[in-house]
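*Asks:* Quick note, the sequences are listed as chains A and B, same order.
Residue 126, in the numbering used here, is where the first sequence stops; the numbers in between run on with no holes.
Residue 150, in the numbering used here, is where the second sequence stops; the numbers in between run on with no holes.
Be aware that one or more of the hints could be misleading.
Below, a list of computed lysine to aspartate or glutamate pairs in the DMTMM-like style, where the Cα atoms sit at most 20 angstroms apart [unchecked claim]:
no., chain 1, residue 1, chain 2, residue 2
1, B, 82, A, 51
2, B, 147, A, 114
3, B, 91, A, 114
4, A, 66, A, 40
5, B, 94, A, 114
6, A, 24, A, 110
7, B, 82, A, 92
8, A, 70, A, 40
Source of the hints: derived by calculation from the structure; they are not laboratory data.
Model, not experiment: these values are computed from the prediction.
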Amino acid sequence: DAGITQSPRHKVTETGTPVTLRCHQTENHRYMYWYRQDPGHGLRLIHYSYGVKDTDKGEVSDGYSVSRSKTEDFLLTLESATSSQTSVYFCAISGTDLNTEAFFGQGTRLTVV
Amino acid sequence: AQSVSQHNHHVILSEAASLELGCNYSYGGTVNLFWYVQYPGQHLQLLLKYFSGDPLVKGIKGFEAEFIKSKFSFNLRKPSVQWSDTAEYFCAVTHVILTGGGNKLTFGTGTQLKVEL
């Protein structure tokens, strides 16, 4: 398995609180991604990063922000968690070569109550 | 916008039955195509990929997929499924270029496969 670690693996939080999920990689890959997985929707891209301090929005970015201060870490923050953000969050990484696959972390199950 | 359609949301098969899961994508340019599998409680793992060349690609665990460009399809097949193939299967297509480069994987909604003994 690629060296990707997500933390925490499980979290329950209250509506309105901020939450930060961390993705750490040891592969020195340039690109990092945050997806959320929901039944009936597959995986949807939230934000991605193409380098240190270089990030952009995906298709479901509202309510989320990201930061990448180091190559190996990509943080996803829910500024004020809502119940609609209850989901499983996956981090993925990929290299520079376009003909390469993405590797996924183990996922973080977030429940907003 | 690029999209991926998986026609079967839930499939139930008996062991040794043949499997075919449909995947169609909408994108006019060059594509990279993938099938990922997610076993219960686990993360996504790559089953197989197509970048170029032979449109019939073979992956792990006896899976294969055929890229038919004229039909914008990339269907997954396995001649004889096993109980251990019970999982969710995702078709994915890479977007061409994101800001700054890189691959954006666009996923289908997934197919839940249950194999019964």
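*Asks:* Now, for every hint given, state plainly whether the structure supports it.
*Replies:* Now the hints, each set against the structure:
1. Between residue 82 of chain B and residue 51 of chain A the alpha-carbon distance is near 24 angstroms, which puts this suggested pair outside the 20 angstroms criterion.
2. Distance hint between residue 147 of chain B and residue 114 of chain A is unfulfilled; the C-alpha atoms sit about 26 angstroms from each other, more than 20 angstroms.
3. Taking the CA atoms of residue 91 of chain B and residue 114 of chain A, the gap is about 15 angstroms. The hint holds against a cut of 20 angstroms.
4. Between residue 66 of chain A and residue 40 of chain A, the direct Cα distance comes to roughly 18 angstroms. Compliance with the 20 angstroms bound is thereby established for this hinted pair.
5. Restraint check for residue 94 of chain B and residue 114 of chain A: the C-alpha separation of about 18 angstroms stays at or below 20 angstroms, so the hint holds.
6. Simply put, residue 24 of chain A and residue 110 of chain A have alpha-carbon atoms about 34 angstroms apart, too far for the 20 angstroms limit, and the pair is violated.
7. Our distance criterion of 20 angstroms between C-alpha atoms is broken by residue 82 of chain B and residue 92 of chain A, whose separation comes to about 36 angstroms.
8. Among the hinted pairs, residue 70 of chain A with residue 40 of chain A is inconsistent with the structure: their alpha-carbon atoms are about 23 angstroms apart, more than 20 angstroms.
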